[in-house]
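Trainee: Assemble chains E and X onto chain G, guided by the hints.
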Amino acid sequence: MRRIRPVLALLVLALFASPAFAQDTTITLGRFFGACDVSGVSIANAVGEPCIIQAIVDAYSEADNGVTVDTLPTDWGNYYDQIKASYAGGIDVDDWAPAAREAVTFDGRIYGVPMDAHANLWHVNMELMEAAGLVNADGTPILPSSPEELLAHAQQVKDATGADYLAADFAQFPIGVRLVMTLVWQQGAELFADGVADVDSAEAVRAVETIVSLFDGRYADPRLDYADSQQSFLDGEAAILVNGTWVVDFYDAQAADPAVALTDYYAADFPTLFAEDATWANNHLWAVPVNTSRDAEAYQAALGLLAHINDQNLAWARTGHLSVRTSVLESDAYAALPHRDEYVRTAAIARDVVPVVRYDAIQDVLNRELQAIWLTGKPISEALGDADLAVQDLLD
Amino acid sequence: MAGGRGARRVWTLVLVLLALVWLIPIVWMASLALQPNDLLARTTSNVAWGLIPWPFTLDNLAFVLGSGLTPRWFLNSAIVAGGMTLAVLATASLAGYAFARIPFPGKRVLFPLVLAGLVIPEQAVFIPLYTQFAEWGWHNGYLALIAPRVAVPIGVFLMTQFFRGIPTYLDEAAALDGADRWVIFTRIMLPLARPAMTTLAILTFLYAWNDYLWPLVSASRPEMFTITLGLASLQSNFAQSEGLGRVMASGVLASLPVVLLFLLFQRHVVRGIAMGSGK
Amino acid sequence: MTSSAPTRSRAARRVRDAVAGYLFVGPFLLAYVAFLLWPFARGVWISLHDWNLLAVAINPDAKTFVGLDNYVRMLWGDGLVWSLDHQWGVRLLGLALVAGALWAWRRGAIGRGTALAAAAAGLLVFGFALGLHPGEGGRWGDRRFWPIVGNTLTFVALTVPAVAAMGLALAIGLNRDDRRSAVLRTFFFLSQVLSVTVVTLIWQLTLSPRQGLIAHAFRSLGLEPLAWVTSPDLAMPAIVIATVWWSLGFAMILFLAGLQEIPAERNEAARLDGAGPLQLLRHLTLPALSRTTTLVVVLQIILHFQVFGQSHLITRGGPNDATQVWVRYIYQTGFRNSELGDASALAIVLFAFMLVFALLQMRASRGEA
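Protein sequence lines correspond, in order, to chains G, E and X. Whatever position you read off the first sequence (first residue = 1), add 750 for our numbering. Whatever position you read off the second sequence (first residue = 1), add 172 for our numbering. Whatever position you read off the third sequence (first residue = 1), add 2 for our numbering.
Hints were generated in silico from the structure; no laboratory data involved. Accuracy of the hints is not assured; some may be wrong.
[What the hints assert, rightly or not] Facing chain X, a subset of chain G residues (Cβ under 7 Å, in silico): (1) 921; (2) 973; (3) 981; (4) 1111; (5) 1118; (6) 1122; (7) 1126.
[Said to hold, decoys possible] EDC-like cross-link-like pairs, simulated, lysine to aspartate or glutamate; straight-line CA separation at most 16 Å: (8) 1128(G) x 235(X); (9) 279(E) x 19(X); (10) 908(G) x 880(G).
Everything numeric in this text was worked out from a predicted model, so none of it was measured. Backbone N, C-alpha and C define an ideal beta-carbon position, used for all residues, glycine too.
Only chain G is shown next, with the shape it has when bound in the complex (with noise of 0.2 Å):
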């Protein structure tokens, strides 16, 4: 398996140790995936990402290890604001030696596990594909492998059911942003690399054309947030939702729900429309600001954490991400979770974003002038001449 670079999701800060609850080294533990409503459930019974790794962390602080980890959950929105907010707000910085300051500066030597990838994928209504033919011999569905059959297929599904062709968050969280990078991987260009923007080339035209194709033929609707575009699909009304690996298991407890409109589920790998092979990805890994010689303890009870949280990896993957360990992979207790055998080629064909310094406001400026394009009609090349601008500011 490829491995994936392990950068970007910074995801987590274990940073304030403190000697607390007499001789139980406390360390704070900062992540996002929301709160878990529901406490002291077994790893085994958890669902969903944020009862699954608060059972995990849950499960190390309370065995009798010497240490409790102290949870800061958040929501996934406001996430890296309040991180950094925190990150600023809450280090005695004086307290660090000036060699120390310096290993955690930008460049800094962070020390990471990563826990899973996610990527994109197509989920699919099997029972909407079927209508329109689009179903092979093996029972997988037939997916486009160029603009011209995805327009193509769009309307197969449309004359026989009526139904949207595809459904996805273009108004609101960055999944359109990630598509269209996909497509742009899948031409063999990138929309920024070494410090220069190259937003507006003939690739990304390209596949923001292919996208624009979907709405113009009323396939798509450009104007369903997160929530409406998953309904969308929940209810029988799209026959493909892109959405990431996260929401696997959510949707085969829909699909077997009879009072949910979507009965036949499958969770295709993101189909090739050119060239090459891809598909948008992205670590979560957990990060320690390294300083050994600032608190030891904590230090070791930190890696006393990540590696209990790398162990448990085999339950982290029942949220649909994509295991990280090979020895997981390769496992029948991971085969055997639903859907994982549809989608194995993805951790082969995902790709990340090169680094960059500031990622949050290059997808922010991305996300607005795409938007700009499905939901305000602002001319293609104008758009991306605009972003290309914005992005070339935000590299320089």
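Mentor: Chains E and X only, in chain G's frame:
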């Protein structure tokens, strides 16, 4: 005259209908909070567009009260709003009394200087306040949530105006009897100022309970969220569509104290608004 | 000898008063300086730096003094040109308002100072400033700033008249001492006490094209529900609707207070003279309320200029910045992009904008008192 009465009836009807329209979103929130979560995941319009809570359940409210961080957020809001109210009442009444009654050197300069602070909005100071409190290690503490509002001069302005309106013979008589400033302030002026202070207290409490921007910046640990901030964090979670009933129940609970406070002290709130805007 | 005792006691009293005075104002003054004046000055100072939140937190020396660069980049650009017809629609509208102000002065409705100030400001903004735009190959230093100012002003321009007009209508309708009016007043005011996050919670769902109450109503009328929040034309109206719903009660209360100052005898007298309700409104009520109206409008402008929560939580500034407003831009520049210098400059310019309205408010309320 008969035509006038007819027109008035139509007018009343319009007002009543409009008032109902105004109430409907609140009723809807309450009704959704009283419906089962798994029903809401499928539809929010079960009976009468969801305005009638059927099937009825108290699970969401019980859940929100019994687990998660909502009770803690409630406590935080109570501490912050209560602490802020007390601090504002104390500092504003003391300063207001001094500005209205005590002839001390420098008052002519100080009072306009304090009033000038009225034009500085929260947004102009929240970034420097943030870095300042970060240096002091104040963030994620109650003091950080309370202190900035104590500095807003509107309370001092209100109390000064009020004390100026009290006839001077009352405290002059007491002063002739040999009472000192502190005694005059606590025994005579404060009891007289009760209506103004009630108003100021309620306005401060409402402000503290509902403030969003500053807590969003200052409180990054969920245990230190106020209920207003906690509610915002529930809204922006991916899980939103999965736990609608619970989110709505949190909204209902977050609103109950201020709604009750308002219904109990409606008169003071109304007068406070008129006063606070300089009327 | 005889006069020295009272003199000494007067001197002693002066000292006592000075001590007491400073002890009494001390606690407030301390908070005022520490949490308002000093931070404000520090904000100005930060705005003169290239100041990254994270870099400076780790290394306090990681900031550079850049003078007014942040302001110049925000407000200005390269290769700007002026043309007569740029944004002519808005500018004509603005110039019409200037003409209106001058006309009102001629009619004696507003003072000379106010009229001239308004006309000068209007000419500067609409006659000149809005005609500026980047020429061939030119660009704004910050392409987002002025559109965001425009969004904020649009929000204010849509919200304030709606709130003021409806507040006035309700106040007139409910200015009665009976029980029904009291109950209705409570209903209208109730939404005002809710926090912004409850308001956004309610409206986020109410406006949803799938699950929303408005969508249910549309569907039962056989109409296709509107995608309020994700449509570029409806997103701004959506947060305006939520805001009007939220803040109507406040305006109503102020108008009621104003109405109660009109002596009942004057109404009675006019009615006995045979004035109809509309004549009464036009010739008696509205003129008597003119100061209250000014106050309501100015207060609402100040309040809604600071809009944050509705944009942050309902539309997230989108789609494509259509509802991105000034305060949210400050917040995001500071705490998402970590650029505290730029964010502080934005905040200081916002302060300058609002100062104008705050001074107007002081004028209006002083006139009242």
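Trainee: Each hint needs a verdict: does it hold in this structure or not?
Mentor: Each hint, compared with the structure:
Annotation: residue 921(G) was flagged as interfacial toward chain X, and the flag holds, the nearest CB pair being 4 Å apart, inside 7 Å. The interface hint given for residue 973(G) holds, since its Cβ lies 4 Å from the closest Cβ of chain X, which is under the 7 Å cut-off. The beta carbon of residue 981(G) is positioned within 7 Å of a beta carbon in chain X (closest approach about 6 Å), and the interface hint is therefore held. Below 7 Å, beta-carbon pairs count as interface contacts, and residue 1111(G) has one with chain X at about 5 Å; its hint therefore holds.
Given hint, residue 1118(G) at the interface with chain X, holds; its Cβ is 5 Å from that chain's nearest Cβ, closer than 7 Å. Given hint, residue 1122(G) at the interface with chain X, holds; its Cβ is 4 Å from that chain's nearest Cβ, closer than 7 Å. Because the beta carbon of residue 1126(G) sits about 4 Å from the nearest beta carbon in chain X, less than 7 Å, this interface hint is met. Simply put, residue 1128(G) and residue 235(X) have alpha-carbon atoms about 14 Å apart, close enough for the 16 Å limit, and the pair holds.
With a CA separation close to 11 Å, the supplied pair residue 279(E) and residue 19(X) stays within the 16 Å bound. A C-alpha spacing of about 13 Å is found between residue 908(G) and residue 880(G), which places the hinted pair at or below 16 Å, so the restraint holds.
Checked against the numbered hints listed earlier, the structure breaks none of them; every hint is satisfied.
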